[in-house]
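Asks: Each chain, written out:
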Amino acid sequence: MTDSQWPLWEVFTQGATGEPFEHAGSVHAADAEQALQNARDVYARRGEAVNLWVVPSTAIVASAPSDAGPFFEPGNDKAYRHPQFYKVPKGVKVF
Amino acid sequence: MSPSTPGAPASPAGPRTSPPANALFEYVLRLGDDRLVLGHRMAEWCGHGPILEEDIALSNIALDLTGQAAALLALAGEIEGAGRSEDALAYFRDETAFRNALITELPTGDFGFTIVRQFFFDAYSLLLWDVIAKGGHAKLAALAAKSLKEDTYHLRHSSEWVRKLGDGTPESHARAQAAVDALWRFTGELFERDAIDDAAAAAGVAVDHAALAAQWRELVEGVLREATLVVPAAPGAMVTGGRRGRHTEHLGHLLAEMQIVARSHPGASW
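One line per chain: the protein sequences are Y and U, in this order.
Take the first sequence: its position 69, counted from the start at 1, is 69 in the numbering used here, and no numbers get skipped.
Take the second sequence: its position 67, counted from the start at 1, is 67 in the numbering used here, and no numbers get skipped.
Excised from the complex, chain Y in its bound form (with noise of 0.2 angstroms):
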């Protein structure tokens, strides 16, 4: 069977003025005004969005599985690169 699909686009949609946009899933089409209008209607048609990006697809570079040792995992065994390692002082503010 042959692809009729349109090329894909990936969906971030914001929630709110200011908050940072989310990865919202993906929709297919044939130019960028038509995979806004199609984000709009699949992901933000029930007011979930103030803003919406669209990328194509084929503009994202994504690591490899094979990448998940040497770009994650060094970290572990350093629990001092985390802010939990370390113990908040009696007196401080908690937010």
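Just so you know, these hints were derived from the structure itself, not from any lab.
Please read these numbers as outputs of a predicted model, since none were measured by experiment.
The beta-carbon is built from N, C-alpha and C at its ideal position, and this holds for glycine as well.
Hints are supplied without guarantee of correctness; some may be wrong.
Derived EDC-like pairs (lysine to aspartate or glutamate); straight-line CA-CA distance at most 20 angstroms [to be verified]:
| # | chain 1 | residue 1 | chain 2 | residue 2 |
| --- | --- | --- | --- | --- |
| 1 | U | K164 | U | D55 |
| 2 | U | K134 | U | D197 |
| 3 | U | K146 | Y | E48 |
| 4 | U | K164 | U | E226 |
| 5 | U | K164 | Y | E33 |
| 6 | U | K164 | U | E221 |
| 7 | U | K149 | Y | E10 |
| 8 | U | K149 | U | D64 |
| 9 | U | K139 | U | E226 |
| 10 | U | K164 | Y | D31 |
| 11 | U | K139 | U | E150 |
| 12 | U | K146 | U | D130 |
| 13 | U | K149 | Y | E33 |
| 14 | Y | K87 | Y | D77 |
| 15 | U | K164 | U | D181 |
Facing chain Y, from chain U, some residues (calculated, C-beta under 8 angstroms) [stated by the list, open to error]:
| # | residue |
| --- | --- |
| 16 | I51 |
| 17 | I56 |
| 18 | H157 |
Got chain Y; can you put chain U on it based on the hints?
Replies: Quick look at chain U alone, frame taken from chain Y:
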């Protein structure tokens, strides 16, 4: 059709010379019926859209239109003052009592037909809401302001598709042009003016139909040009009658499907 218009025939054969007693009811009914019937046509795409995203888009538009219709019919019932709810008006009136423009009831056709019809209607509806939102009838103006936002998006969606289909492949162009040619003669009805409109104007809903038609043509022709589509050179006479309850053979079938559940189980809730 209306119990509040004594003496009026069930289906007037020609334009009225004087407005019926409750002209504003009739006027709001027209607005509501346009959106109820078109919303139903659009809902026929649910599960049949060309791709998942477009299926959702079309269903969203159907829901918006049906929502507008529900609010308008509720307001119409309130104006009529005979105790008819939006459900009573939607599900328990027969074909000749419907006041929608004929363009809204034509069968769904192919995707090109659906899009061009929606585009013609969106452009009209958006311009109309803009006028009514600034008008003197508070409740209708509030409804118009809300619907204006929805229709702005509908027009963005349909006009973008008209450009894509018209300026797309030879097949999409041919289908879109065939839809423009077939639908053009139904567009005149949207800008007809009769005694009901005059009475609505007196009640604060003053729409300048000639100006509206001119704005519509400019908007529509602009998009058609970009889409490399042409307005029919010899469109022939405009087809009308829906506003007076004289419909095509298609409306009865649509209503049969739309009304069957409500009529089989009157008063049921779910």
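Asks: Any of the earlier hints contradicted here, and which numbers?
Replies: Going through the list in order, the structure violates hints 7, 9 and respects the others.
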